[in-house]
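Asker: Dock chain B against chain A, hints included.
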Amino acid sequence: MTTQRAEAAPGPAIDIRFGQVGLIQVLIWTTDPGAILDELTGRVATAPKFFQRTAVSLDLGPLGREPSVQEMQGVLDAVRRAGMCPVGLASGAAVAQGLSEPLDLPLLPPFREFHPPAEAGARARRETPRPQPQPEDGTLAQLHPHPVRSGQRVYARGRDLVVTAMVGAGAELIADGCVHVYGALRGRAVAGARGETGARVFCQDFHAELVSIAGVFRVFETLPPELAGKPVQAWLDGDALRFERLGA
Amino acid sequence: MTEIIVVTSGKGGVGKTTTSASMACGLARRGKRVAVIDFDIGLRNLDLIMGCERRVVYDFVNVINGDCTLKQALIKDKRLETLHVLAASQTRDKDALTEDGVRRVLDELIADAFDYIICDSPAGIEKGAHLAMYFADRAVVVVNPEISSVRDSDRILGLLASKTHRSANGNGGVKEHLLLTRYNPRRVANGEMLSVEDVKEILGLDVIGVVPESPDVLAASNAGVPVILSDTSDAAAAYQDAVARLLGEELPLRFLDEPKRGFFARMFGG
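Line by line, the protein sequences are chains A and B.
For what it's worth, this note's numbering labels the leading residue of the first sequence as -6, then goes sequentially.
For what it's worth, this note's numbering labels the leading residue of the second sequence as 3, then goes sequentially.
Bound conformation, chain A alone:
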């Protein structure tokens, strides 16, 4: 292939582009590999397809100390055995600085730093409220008037996403704000992708595979009959995702 291309046109060998990808953060509270593996396998089992071979970054902030390289190798091994692929360390945690090189994992720029809970000992699942994501070009929502097909992904950065056509199974809608679908939603909807807990998901014909708001998600292996095919909204109530039929 490469030789053919070189013959056809002497173009660049590579292109470098800036792109944003969603990345799951694993907050490390302990370096005990057994405990990590137990908890991860339990969570992965609830949504095996979502987590298998998923790239994750490790946030060592909750540890509050810099673990040894050996400890970290145990942690990495446990995370890998659970089926995830650690690709970096969240550099928001100062404790990760010295580990990047010996572990051969890059430091990733922080986009959701961990803040220790106010009450000692309490495991806060939610971070401190972030400022509202600001629309970047003055519009309040990103409009997508075409069907979103299986395998396609639409991301509305820093605002709402409005889809006025169907969303196929295996398609992904991601918005930093709310997700609105004026058609059938058969794929995944991820609202509040950067942690906005007030984000909601609205759709006219609910058949979603997965709904996530600010990182709290629910997988629909079977659709509840009271929601299937109905206009539905989803929102975050504390730690729980709530679903309600619209206009009922």
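In short, the hints are calculated from the structure, not lab data.
Glycine included, every Cβ here is placed at the ideal spot set by N, Cα and C.
Some hints could be false.
Negatives, chain B to chain A, calculated, CB over 12 Å [as the list claims (entries may be wrong)]:
id	residue
1	Gly15
2	Lys78
3	Arg157
4	Gly206
5	Glu215
Cβ-to-Cβ under 7 Å is the rule here; a few derived chain B residues that face chain A [to be verified]:
id	residue
6	Ala115
7	Arg153
8	Leu159
Answerer: The following block gives chain B in isolation, referenced to the frame of chain A:
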């Protein structure tokens, strides 16, 4: 004005080659000049269905590599004089196709004033399938009435909307049509198969034809006669209707008994 039509599906074994052969014959029978190209490099099948496998001397890859002229590689159909077949190479792999090479062959066919170029896509979403759809003006997406085929077609429709010459250049995109094959109204009525309405609803597109499941299709393939030419068959009539609709005629769908309740309604009690 030449129109390039890709016959594609994502999933294998749903009837792409059967459909390519029958659509090409149907258009040629109406006096159109048609070239049908097999993009499934390494798994040459179209020539078998067209009944010209023993006349393949040069193939698509030979033309791209400049081993022969396009005229030498185009096989004239013995039944329809305006129909030409460009076979795939059986000995090469899919990397033998290049965007530039495919473009040159298509340009030469356009310069030769063909009315239609039918691109028979391989299964999958890899290079062969990508190049088969890349230059298309229209797409016939072949679907079987079952969920995995429908899912793969949805994926292909997504690629048609984003990874084609027309989508990249803002020429209004590729015009998409659905063609259901292996449709069995009895099994639809029993809830074992999706109905036309279910497939239309899931994919959000209209259908250009519904070809009933029929033993004539396999018999025709084995005989090397595209099924559209076997005049007594329901499948042939369905393909003729589909060709007519492709040319803009409005015909009601045949060979489907409307089921009383849809698949989803039965599944979820809605």
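Asker: Which numbered hints are broken by the structure, listed smallest first?
Answerer: Result: hints 3, 4, 6 break, sorted rising.
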